[in-house]
Structure formats: C-alpha cells, structure tokens
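Mapping the sequence shown onto numbering that gives the first Met the number 0, position 657 (from 1) lands on 656, and the numbers just tick up by one.
If you are wondering where the hints come from, they were derived from the structure by calculation, not from laboratory data.
Every residue gets a Cβ at the ideal spot worked out from N, C-alpha and C, and that includes glycine.
It is possible that part of the hints are untrue.
[Unchecked claim] Cut-off 30 Å, straight-line C-alpha distance, at most; resulting in silico cross-link-like pairs (DSBU-like, lysine-lysine):
#: 1; residue 1: K360; residue 2: K258
#: 2; residue 1: K258; residue 2: K297
#: 3; residue 1: K360; residue 2: K511
#: 4; residue 1: K535; residue 2: K513
#: 5; residue 1: K297; residue 2: K308
#: 6; residue 1: K182; residue 2: K311
#: 7; residue 1: K311; residue 2: K297
[Stated by the list, open to error] Now the in silico label distances, taken between C-beta atoms and shown as ranges:
#: 8; residue 1: F733; residue 2: S683; range: 17 to 25 Å
#: 9; residue 1: T537; residue 2: T392; range: 54 to 62 Å
#: 10; residue 1: A508; residue 2: F733; range: 43 to 51 Å
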Amino acid sequence: MRPFIFLSLLFFLAISSPAMAQDPFNTFGQGGNFGSFGDENTTNPSQQKRSTWGRDTSKVDKVIPTDYFQWRIDERLGTIQPLAFNDTLPHLFQNFNATEGFRGEYNILGNLGSPRLHRNFLDREQIEDFMFLQPYDYFHTTPSNLLFSNCKSPLTQLQYHECGTRENGQDRVLAYFTSNIDKQSALGFKIDYLYARGYYNNQANSQFGGTVFGYHRGEKYEMHAFASWEHMKMAENGGIESDLYITDPESFPRSVASKDIPTILSSVWNRNDQQTYFLTHRINLGFDRDIEVPDSLKPKMPEDGELLKRIKSDSLLTVIRADSLRLSLTLDSLRQKWQSEQITPQEFVPVTSIFHTAQFKSLTHDNYAQNNGIPSTYFSHDPYLRSSYTDFTDETQAISLRNTLGIQLREGFNRWAKAGVTLFATHDYQRFKLPSALSSDTLDLFDRYTQNNVSVGGEISKTQGHTLHYRGGAEFCLLGEKAGELDVHGTADLNFRLFRDTVHLAANAYFKRKEPSFYCYHYHSAAHFWDNDLNKETRTRIEGLFSIDRTRTTFRFGVENITDYTHFANVLTPNYATNGTTINSYSRDVRVQQTSDIQVMSATLRQDLAAGIFHFDNEVTWQTTSNADALPLPTLSLYSNAYIIFHVAKVLRVELGADMRYFTSYYAPDYAPFLGQFSIQDPSQERIKIGNYPILNGYVNLAIKRVRMYVNVQHFNQSDGRAFWAPHYPIDPFAIHLGISWNFYN
C-alpha cells in the first residue's frame, strides 16, 4: 500500500504545473547531512509566462526570495568553514539514505542505520573515547557536521525514505528548519527519525535525534551554539547461523526467505543515549577604515540652484541674489556645509579575535540480553559480572567537558598580514563509569575514572585568495593522563590555470602520537572485561591530490605508517564434536591488540565521463597493507555509475541509470555485537572472506522545482555468491526503495 501511495505522489508531482514552486534543484553530492541549495537554471520572475485567466491582473505576484548560503564550524577553534561544494543536487540522491555510503564505501551489517566501517583506511578515524557513537556517524550529529544557514526566507526541508513492508520495512523521516532573525542571526532545528525492521531476523534499528541551533555573526561579536539529543537502539543478531543460506541456497531442501534464515542471537540489544551542548563565540578587535569608492560612484556637488534651495526664507534669498559678493560667500558656505554632511563609507577590519569554545557531551551505553537469546556455546568464558547470560544489563556512562580559550591574529587586515596566527589552550575533563568486578545479579557496583588533561597549541593559516591556501598547526598535551600526546598537521592547496583549464594540487600530512581510547584501556561487562596497559599509538601520513576541472579527473595518493596500531580482535575457541576432530562451532571473546610497524598505501582515481545526455562516472581505490592479519583491506574497491539525464516539458529533470559497487575478496573485520565495534577475525582459526561480488542497483531520479524524488531498485542481481557486507551479515535481498525531498520557503 505504501509504495502505491508514494508512486501516486510521484505521478502527481510530475504532471503538476511549473507554478508549484519558484526555484529548481541542484545536484546532490556526498555527505550524510542536509546541504546547501542553489538555483540551477533559475528563471527571472519577470520573464515567467503565467495565465491571467480567473484572477485579478492588477495584483502583482509576490516573489519569495530563496537565496541562502551555509557553512560548518571547526569543533576546536570555532572558525567558520564555508561550503565549497553544493551537496544537495538531484545527482546521487538515490544513495542519500544508503548506510553503506554514496558509493558503497562502508562495511555495514545490512540493515538501514546499522554500524558501519570505512573500507578505505585513509578515510577511517582512530578509535575515539566515545567509541560507541563512531559506527553511527551516518546518523550522529557533531559540531563539525551540523550546517548553519543564512537565508532570505525561512527554509524548511522535509525528507522521507522508505522500502519494504510492515514486516521488513525501513523508514526514515528528516526535517530541517532555519529562519533568520535579522541579517546576522538565525535559529533553527533538525529532526531525524529512523526505524528499520530489517530483512533478516533480530536486526531492527530505532534511532531518533533532535538538534536546535542558532548563531550571531556580527562584526565585533560572533556566536554559534547548538544542543543535540540522540537515542539509538539496535537489535543484535550476531549474523546468520550458516553462510550457506546465501552462498549455496540449493544445499537446502527448500527455498528459504530472508526472514526464515535463523540468526545466532536473539533478544540482545545495544542502546546509546547521548547529549551534546556546544558553544563557540569570539570578540573581534580592530579598526574602521574608509572604503575606496570610484569617482563615478561618489556623490556630486549639487548645482548652485539646488544649494540655494536650502535657504528657506524667500526674502533672505532675494537679498542674497541681489548682492554678488554675498551670493558667492553664501554658496561657499553652503558647499562647505554639504561637504561636511557627506559620510565616507567605512568598513570594520578585524585585527585580533579572542575566542572561547565549550563542548559538553554525555553518553550512556547499555548492552543487555533477555529470554535466553544467547547460545550456551557462544562465549568461551563464563559471565564476568553475572551468574549467567540468560538475562543481564550492563551500563557504562561517560561525560566530557572541554573548554578552549585562544587568541587569533586575523589574516588580511593589512597587506603584510598574509596569514592568520592562532594560539590556544584546552582543558578537557572526562569521567567514566563502568561496572565493578564486584557486581552481581542483585548488586550493581561501579568503578569511576576521572581524567583532566591540559594541552596547548597553535596554528598558522592562509584561506584568502584563489591561488594558494595552507593551514598548519600543532598541539601538545602538557598535563594529565594523556600527557605527551602530540599532533602536528598541515594542509596546502594550489590552484592555477593550464591550457584554458583549472588544475588543483593539494597536500596533507601529519604526525600524531595519541593515547588509545579509554575503552581500549578499561572495559567491564558480562561479555568482555579488561584493564590494559597500552602504548601510545603513532601515525605518520603523507597524502596528495591532483584534479582537473575540465576533464573531471581526480587522483589521490597517500601513505601512512602506524606504530602500536590499536584495534579489537576476535579470539575463537573451537567446539569439537564427539569424535574430537570435527569443529561444530566456535566460542568467542574479544580483546584489544596493538601491532607495530604497519604501512598502508592507497591510491584513488575518479574519472567522470559525459557525452550529451550520457554519463559514466567511475571511482576505483587500490590499497595495500603490510599486515593483512591486523589490518585487512580489500585490494580494489570500485564504484561505477552509468546514467542519462534529460528533461520532460522543460521542467521535470530525469536521471535514469544503474550503478555498481564492488570490492575484491578479503578477510574483512567481523563485528562484535556485545561491544558494538568491528574487530578483526582470528587468524589462528578458519576465517571468512567476503567480496568479489558486484552489487547492482537501478534507479530513476526526478526533480521538479523544489521537489526531488527517486525510485531505486537495489540488488537486482541477487544471486548465489559472497553477498555479504560483513562476515555473516548478508546484503539485503532485492528491494525497491523510494524517497522524496521537498523544500519550502515562507
């Protein structure tokens, strides 16, 4: 019923009058958040031809302005980062809601909103202290990915995505609203609700997030703030019991639907409840300087007759006109007075900024099981904190309060200030609560850990101009549990013309010596328990990028060396049959490991081709790792998208095509459901390879005025083979996905 209603709505929109809306859509790029909207092929309202039948032609239609721009905020220093791209165009809109990423670059557990891990190591983040939120970056709102907007009219964007039935359906509703209070200030909110039952048993996801935000961008005072609340609940099924249901379904006496495939776990959940409060503000100190105005724009001295009109007394004016000397003196006086009344336009030039950034985060993570949902042989050990795995709840809590205070010498306040210089100091307070080893079924005791870290840092940057930009900085932790941490980083880009084309060269490098995540040091639960002594992790990276606008070619190459690479690892214990040689199953545990001296090399080539209405976009990534056991990576990852673009009746933009995701087979990281993290497979036991399986989707994207929509037929090549996103987690079977996005300006 729901697909019928949705398709009816698409048909209605397709045949509707162009007068339904006033601005068309842009192309959609990448990113899991709302992006900026522009005006592609905007028509001048005065040139629009509209029927006058049945209405009063003496009334002038009100044109609602739809212009606006958006930006993000640096999480540490609070600097504004304008969007250099437009990421809400119709192109690739069919992949907006894909948990596996716009180009299938993530390993996931199959279902919408499930945890995910980037397959390209250069795009993978180090494990954070609040690690339970990292696999949900698809959904999680942070200060660095929230978009602030300045718009001439209140903006509302509504989105709805859905597929499946009541038994296996996936639904997501998003709403984004922002409205300016004045030219310098605005308020807004964002709501994101996701509920996915899943095509396989015991994998339902329920996620809800709400964010309110506001800003003020005055000349002498700037402020950005937001508050975010998120609830994420995920059922854990541990994967399917046998991969043969996917790789060799004919080995079973009858065909089995996805919902009939048994899973390893049932009645097991992970839940995250988090709150984030963020404030960054700055005082700008500077001076006012005159604005150079061309002579053609400067006000001209009025004629003598116009000046004399300033004399209101007719009798006095008659006397003045009769005396030439008096007339000359009066005109000189009037000219001087007029000159004194002219105000030279000025602008405020910020020289120095004093800024403060505060961020408070709170996280509660629960892992619980009910109703005997865990097989007796699943774990290789008895519960650490409980008497059994029948029914238990383990909870950990974490809070963080970080304050950064700094001063910035602004870039460009005179011709000698070619770069900006920033100095800052940060205090980071963290507190963690974990179940104590003395806890039991009837007694909940907790261990508490408190950390106070003080660090200092600086940065130099050049962001103005077109040809050359750079940013370099360093931060060193002076005091606290993380004393000795060091982060030195730098980026640069060069843009120049070559044979009537624009070439971009960019470089990125860093040296980081970081403490592993707190939860790598300490983790207490019934399923996993450790208190580790670990070394700092050291990473060194050099990366370059080359792109040409005209040929739509981009090449990226990077090398990274890692010492004491910190990661999670599965530990398997075979369960033998009565004959003592046949392995019936494996019992599991998870531990933290550190591996030294790993080198990773990666190269990505992106080439987009076009000929008339035909388009063929390709992206291929090659990777190699010096230790495939500790850091497994696919050798090749490929995304190809073939499509045509045309217009119907000049108002309906149609994009019709098919895309493919593919990666070579490798021993991909497994997933630890009682930790909520990806962990490498145990190299001492039999391992599972996934990959070497193309995933084909066919789609149609439609855009008319303010509305964009899609119909996406996913995995239409469903067949036998390694159809898995992660070991034991199959790709969803053939399904039709629908989505719509609508913008309102009022």
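Do the hints match the structure? See the list:
1. K360 x K258: Since the Cα atoms of K360 and K258 sit roughly 38 Å apart, the hinted pair is violated (cutoff 30 Å).
2. K258 x K297: Given that 30 Å is the threshold and the Cα spacing comes to 76 Å, the pair is violated.
3. K360 x K511: Holds: K360 and K511 sit about 24 Å apart, inside 30 Å.
4. K535 x K513: holds, 5 Å
5. K297 x K308: holds, 22 Å
6. K182 x K311: violated, 40 Å
7. K311 x K297: holds, 27 Å
8. F733 x S683: 17 to 25 Å: Distance hint for F733, S683 is violated at roughly 38 Å.
9. T537 x T392: 54 to 62 Å: Given about 38 Å between the Cβ atoms, the range is violated.
10. A508 x F733: 43 to 51 Å: holds, 45 Å
The earlier numbered hints that this structure contradicts are 1, 2, 6, 8 and 9.
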